[in-house]
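K.L.:
Here the protein sequences come in this chain order: V and W.
Count along the first sequence from 1, then add 16; that gives the number in our numbering.
Count along the second sequence from 1, then add 147; that gives the number in our numbering.
A few of these clues could be false.
So, partial list: chain V residues that the calculated Cβ filter (under 10 Å) puts toward chain W [claimed, not checked]: (1) Ala-64; (2) Val-115; (3) Val-117; (4) Glu-118; (5) Gln-224.
Ranges between beta-carbon positions, derived for each pair [stated by the list, open to error]: (6) V/Leu-192 <-> W/Val-402: 30 to 40 Å; (7) W/Leu-509 <-> V/Arg-25: 41 to 51 Å; (8) W/Arg-502 <-> V/Arg-242: 18 to 28 Å; (9) W/Val-470 <-> V/Gly-58: 50 to 60 Å; (10) V/Leu-192 <-> W/Gly-629: 52 to 62 Å.
Keeping only pairs whose Cα atoms sit at most 16 Å apart, straight-line, the calculated EDC-like set for lysine to aspartate or glutamate is [said to hold, decoys possible]: (11) W/Lys-233 <-> W/Asp-281; (12) W/Lys-644 <-> W/Asp-281; (13) W/Lys-538 <-> V/Glu-107; (14) W/Lys-267 <-> V/Asp-62; (15) W/Lys-565 <-> V/Asp-51; (16) W/Lys-344 <-> W/Asp-357; (17) W/Lys-318 <-> V/Glu-107; (18) W/Lys-644 <-> W/Asp-347; (19) W/Lys-423 <-> W/Glu-542; (20) W/Lys-267 <-> V/Asp-51.
Think of the hints as simulated: they come from the structure by calculation, not from any bench.
Using N, Cα and C, we set each Cβ at its ideal position, and we do this for glycine too.
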Amino acid sequence: MALWLYVARRLAVLVPTLFFVSVLIFSLQQLLPGDAAVALAGEENDPAAIAAIRARYHLDRPLPVQYGLWLGRVLVGDFGESLRNRIPVRELLASKLPVTVELALCSMAIALAIGIPAGILSATRKGTAVDVVANLFALSGLSVPHFWLGIMLILLFAVRLGWLPASGYVAPWEDLRQNLTTILLPSFVLGTGVAGVIMRHTRSAMLQTLGADYVRTARAKSVPERLVVLKHALRNALIPVITLGAIEFGRLLSGAVLTEQVFAIPGFGKLLVDGVFNRDYAVVQAVVLVSAALYVLLNLGADVLYFLANPRLRGTT
Amino acid sequence: MKAILTVLAAIALLAPAEASAQSVLRIGLNDDPDALDPTISRAYTGRLVFAALCDKLFDVTPDLKIVPQLATGYEWAQDRKSIVIKLRPGVRFQDGEPFNAEAVKFNIERHQTTPGSFRKSEIAEIQSVEVLNDLTVRFHLSQPLVPLLAALTDRAGMMVSPKAARALGDKLGTQPVCAGPYKFVQRVAQGKIVVEKVADYWDKNAFSVDRIEFVPITDSSSRLASLRSGDLQMIERVSPSDLAEIRNDSKLKVVGVPELGYQMIPLNVANGPKSKAFADVRVRQALDLAIDRDTLVKTVFGGEYIAGNQFISPANPYYDKKVPVAKRDVARAKQLLKEAGQPNFTFTLVVPPERDRQEASLILQAMWAEAGITANLQTQENVTMLQSGRKGDFEAYFTFWSGRPDPDGNVYTFSTCKGAQNDQHYCNPDVDALLTQARHVAEPAERKKLYDQAIEIMAREVPRLILWHRRVFTGFSARVQGFTPYPDGIIRFRGLKLTN
Chain V
17 MALWLYVARR LAVLVPTLFF VSVLIFSLQQ LLPGDAAVAL AGEENDPAAI
67 AAIRARYHLD RPLPVQYGLW LGRVLVGDFG ESLRNRIPVR ELLASKLPVT
117 VELALCSMAI ALAIGIPAGI LSATRKGTAV DVVANLFALS GLSVPHFWLG
167 IMLILLFAVR LGWLPASGYV APWEDLRQNL TTILLPSFVL GTGVAGVIMR
217 HTRSAMLQTL GADYVRTARA KSVPERLVVL KHALRNALIP VITLGAIEFG
267 RLLSGAVLTE QVFAIPGFGK LLVDGVFNRD YAVVQAVVLV SAALYVLLNL
317 GADVLYFLAN PRLRGTT
Chain W
148 MKAILTVLAA IALLAPAEAS AQSVLRIGLN DDPDALDPTI SRAYTGRLVF
198 AALCDKLFDV TPDLKIVPQL ATGYEWAQDR KSIVIKLRPG VRFQDGEPFN
248 AEAVKFNIER HQTTPGSFRK SEIAEIQSVE VLNDLTVRFH LSQPLVPLLA
298 ALTDRAGMMV SPKAARALGD KLGTQPVCAG PYKFVQRVAQ GKIVVEKVAD
348 YWDKNAFSVD RIEFVPITDS SSRLASLRSG DLQMIERVSP SDLAEIRNDS
398 KLKVVGVPEL GYQMIPLNVA NGPKSKAFAD VRVRQALDLA IDRDTLVKTV
448 FGGEYIAGNQ FISPANPYYD KKVPVAKRDV ARAKQLLKEA GQPNFTFTLV
498 VPPERDRQEA SLILQAMWAE AGITANLQTQ ENVTMLQSGR KGDFEAYFTF
548 WSGRPDPDGN VYTFSTCKGA QNDQHYCNPD VDALLTQARH VAEPAERKKL
598 YDQAIEIMAR EVPRLILWHR RVFTGFSARV QGFTPYPDGI IRFRGLKLTN
C-alpha cells in the first residue's frame, strides 16, 4: 500500500477519535461537583451576578445545546474565552504551546542522550557493574516522584548553589540565556523519568538483536565489534524505541502537570490543572482536545517512521 | 553528571553584566489572578495587583481607619442618605485622561450596569451620582449607609479610565488603565504580570520600586524556595507550616497581622427540616461550651492563629472585650444538654476537603465527645457545601469569611433576618435593629456601642460558632525595606524600598 493512502486512512480515524474525546471530556466535566457559576462567583454571592455568568457562558442551557454551541465554535477555530480571566482560549493555547513544546523537546533530548547510550552499554556489558548501575539509574528515574526530585534540585541548584533560578519561565525570544536556565531543571526532571523507560527498552531490544543470527554472521565475518553494535544491532533495535519515544513525547506534550506546578512553568499542564480547579470548562476542553490531537498525530508520525524504517511492513498494512 | 555541570557552567558564563539600575520587585502570588478589571474581578490575588495599578477613592490604614486616596475629603448629610466627596486635583489616568467628577460618575455607573459586575451588590445603595463641579461629587443613597465608605476602599472605589473602558469594553481586564502608581505592561497568563512606575504619578516620590512582577506559583514549597534563592523578594499569605523555615533564614523576614475574617461553623437554626437539631438554644450553647478554642489553635496551628468568638478579631478596635473567648466548661455543657432533653446529642458537620478545617474538625469532634456529643464528620466539596448551606440542607458546616474592613461587612448579611448569607435563618428583631442602626451612625464610638449590644445577644444565642482568626503572613527578603503589614493582607507599595 502506498504511504499516502496509509496516512490518509489514519487521518480519517482522527476525526471520530477527537469527537469521542470531546464528548467524553464534556460529559466528565459535568460530573464535577459544584456549580461552575457559583464556583466562579466565590464569596460574592449576588444572585444577579451568578445569573449573568450563567448567561454569558450558556451554562443555563441544556447540556446538548451547550455542547452543540461549543462544537460549532470549535469547528471554526474559536475555543471561546476563559471563564476566569476572560482571555480568549486560543490566545492561551498559543502562548502555552511553545512553552510545552520546548519543555518536551528538551526533556526528550535529555532522555535520548541518557537512555540510548545507557541501554546499549548495559546490553553489551550484560551482568557487569555497568549494567547494574545503568539499571539502578533507570529504576530510580522511573520511581522517584517528579515533584520530589524537582524540589530537591531547586534546593540544591537554586537555594544552596544559586546557579539556576528556582522557578518561572522566560521565553527564548525575550532572553535566551534565562530561557535555558529556567528550562534546564524541569527538563532534567522529566528527561530522567523518560530516560529510564528508553534505557530499559533499548537494552532488551539490543539483547534480542545481539543474539540474532545475522549479528552472529557479522561477527563471523570479523566485522569490528563497534560496527556490529552500532550499525547492525542498534539500527534494528531502535524500531520499537521509535514507537516508544513517540508515545513518551506525546505524553510530555500533553503537559507535565506536577513538574510544571513545581517549577511554575506556564505550560499546558498548569493551564489544565488551574482550569480544572477553577471550573474553567472552556480551557479544560480546549487543552484536552489539542493534547489528544497532538498525541494522535505523533503516533501517526511514529508509525510513518516505522513504516519507512521497516520495509517488511509496507506490504502488510 | 560532569556533562551537566559543564552545561551549567557554560550557561553561567553566558551571563551578561547587569546593565540596568532599575529596581525590580518580584512577588510570588498563591494563584493566578482572574480578570484585571475592578468591576468583574473576584479573586483575592487580583487585589494584590490592583494595589499597584488602581488607586481607590479611599484606603484603610493598618488600624482600619478610612483615609482618602483619590478623594481628599468627604462629608455626610445629616440624614446619612447622601455624601459629598471632594476629589484630588491634578490626577491623570495612565493614558493621560484627567481624573474628575465625570470619571467617578462613569465608574460608579459602570460598576452598577456592567453585566456580571461583582461590585453591583457592594454599592447597590447608591441611587445616583451627582456631579457638583469638576472635583466634587455627591452620592445619593437609597438608605443611610455609613459602611459604604469601606466598600469604596476596595474594588468598588477603584477608578478606571473612561476612555479606555469605552474602547475596550469587557476586555478592559486584559489591558487595564487606572490611576495608580504603576501602569500595566504585560501579562503572561499563569506566568507573570508586569507593572511599571508611572513617571508623572501625583505622589511619585513615595514610590521607589521601578517595576513590579507578580509571579503566580501555586506550589508552596517552590514559592518558598524561590524566595530563599532570591528569585522572589516577597511572598503573600505564607502558610504557618513554612514559618519556621523563613524564621531560620537570616536573609528573610516574615511578619503577620490578624486577618479581617474568621473561620466559623453556622448552625442551622431555622432553615428547613434539618433545623430540628439546633432549634434549641441550649444545645447550641452546649456545643459552644464544649470547645477549648485556645487548645484548638495551639494544636492545629502551633499557636500562630488567634482564638476568636466574634465576627472581628480581638485586635480589631470594634472587638467587645466584655465578651472574651469563653473558658471550656464540659460539665455545664452536659447539664445544658440534659436540660434540653438530649444528653446524647448527635449531629452532622460538613467539612470541605481543606487541610486546616479537616484537622480542626477532628479536634472539635474529640472535644465534643467528652461532653457526650457525637459529631459525624462528612467531607463535601466546597462549592457543593455552600450550595447545600443556602438551601438549608445542613445541620452544621465548616466555612470561613474573608472579612471586610468595616464590621458591617462581617455581620450584616450573616445575622440579620433577611441577610443574603444568613443560611442558618437566625432571626432576632433586636439584633436586626441594632445592626441596621449601626449603618446610620458615623461616629465610631457610637457604632461600637451598638455592635457591642448585638455581640452580647449573639454570644448568648450562638447562631454560629466563630472559632479562630488567621494571621496573614507576608514573607520577604531582608532587601525589602519599609514594609507595613495591613490586616487585609494586601501589600502597599508606598514607601517600599529595595536595597542591594
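K.L.:
None of the hints should be skipped; say for each whether it holds.
P.N.:
Quick rundown of the hints versus the structure:
The criterion of a C-beta within 10 Å of any C-beta in chain W is met by V/Ala-64, whose closest approach is roughly 7 Å, and the hint holds. At about 8 Å, the closest approach between the beta carbon of V/Val-115 and any beta carbon in chain W falls short of 10 Å, and the interface hint on this residue holds. Annotation: V/Val-117 was flagged as interfacial toward chain W, and the flag is violated, the nearest CB pair being 16 Å apart, outside 10 Å. At a threshold of 10 Å, the smallest CB-CB gap from V/Glu-118 to chain W is about 13 Å, leaving the interface hint violated.
For V/Gln-224, the shortest C-beta to C-beta distance to chain W is roughly 29 Å, which exceeds 10 Å, and the interface hint is violated. Range check, V/Leu-192 to W/Val-402: Cβ separation about 38 Å, and the 30 to 40 Å hint holds. The hinted window of 41 to 51 Å between W/Leu-509 and V/Arg-25 is violated, with their beta carbons roughly 59 Å apart. Checked against the hint of 18 to 28 Å, the C-beta distance between W/Arg-502 and V/Arg-242 comes to roughly 58 Å, which is inconsistent with it.
Range check, W/Val-470 to V/Gly-58: Cβ separation about 30 Å, and the 50 to 60 Å hint is violated. Separation of V/Leu-192 from W/Gly-629 is about 36 Å and departs from the stated range, judged on CB atoms against 52 to 62 Å. Between W/Lys-233 and W/Asp-281, the direct Cα distance comes to roughly 10 Å. Compliance with the 16 Å bound is thereby established for this hinted pair. Distance restraint check for W/Lys-644 and W/Asp-281: the Cα-Cα separation of roughly 35 Å exceeds the 16 Å cut-off, and the hinted pair is therefore not satisfied.
For the proposed pair W/Lys-538 and V/Glu-107, the alpha carbon gap of about 39 Å is over 16 Å, so the pair is violated. For the hint linking W/Lys-267 to V/Asp-62, the alpha-carbon distance of about 8 Å falls within 16 Å, and the restraint holds. A hinted pair counts as satisfied when its Cα atoms are at most 16 Å apart, and W/Lys-565 with V/Asp-51 does not qualify at roughly 24 Å. Distance hint between W/Lys-344 and W/Asp-357 is fulfilled; the C-alpha atoms sit about 5 Å from each other, no more than 16 Å.
Using a Cα cut-off of 16 Å, the hinted pair W/Lys-318 and V/Glu-107 holds, with the two alpha carbons roughly 13 Å apart. The suggested pairing of W/Lys-644 with W/Asp-347 is violated, with an alpha-carbon distance near 19 Å, which exceeds 16 Å. As the CA atoms of W/Lys-423 and W/Glu-542 are separated by approximately 8 Å, the hinted pair is consistent with the 16 Å bound. Among the hinted pairs, W/Lys-267 with V/Asp-51 is inconsistent with the structure: their alpha-carbon atoms are about 21 Å apart, more than 16 Å.
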